[in-house]
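Can you make the complete structure from the sequences, with help from the hints?
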Amino acid sequence: MSRLWLVTLLNLCSFAVIAANENVERMQLTDPTRPIGFREVASQGGDGEVQLRLQQIMTSESRQYAVIDGRIVSVGQVLGEYTVLAITPSAVTLEKQDLTTVTLTMFKSFKK
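Residue numbering for the sequence shown is -19 to -1, 1 to 93, as defined by mature numbering (1 follows the signal peptide of the UniProt record, and there is no 0).
Worth double-checking, as some hints may not be accurate.
Claimed, not checked - Listed next, with one range per pair, are the computed distances between beta-carbon atoms:
{"#": "1", "residue 1": "V83", "residue 2": "M39", "range": "18 to 26 Å"}
{"#": "2", "residue 1": "G51", "residue 2": "T14", "range": "50 to 58 Å"}
{"#": "3", "residue 1": "T84", "residue 2": "P16", "range": "19 to 27 Å"}
By construction, these hints were calculated from the structure, which means they are not laboratory data. Ideal Cβ placement from N, Cα and C applies to all residues, glycine included.
Written as structure tokens, this is what we have:
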């Protein structure tokens, strides 16, 4: 009889864990280190559609990488209709297929 109770209890616990796991997957996680009142800004194209978003730049003497829309890219790689031309510590320059260049910056510039 005690084995039956043990099996029943384990089954109930496993259902609770499965339900909790599904809830965690639906939650949107936030960065606990971001400043209070921070709002993410996505760059807007001329027609109002959201374009590429620069998330991180990693540079050293020998390598330059950037994270754009969750993808790690380096100079020369193709990202959609753009080719990465240059990566500096503060910006990434992309070239579109029609030879227009776009510069993504890490931080919005403020005027005094």
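Item to check | Hints that the structure is at odds with (numbers, increasing) | outcome: 2
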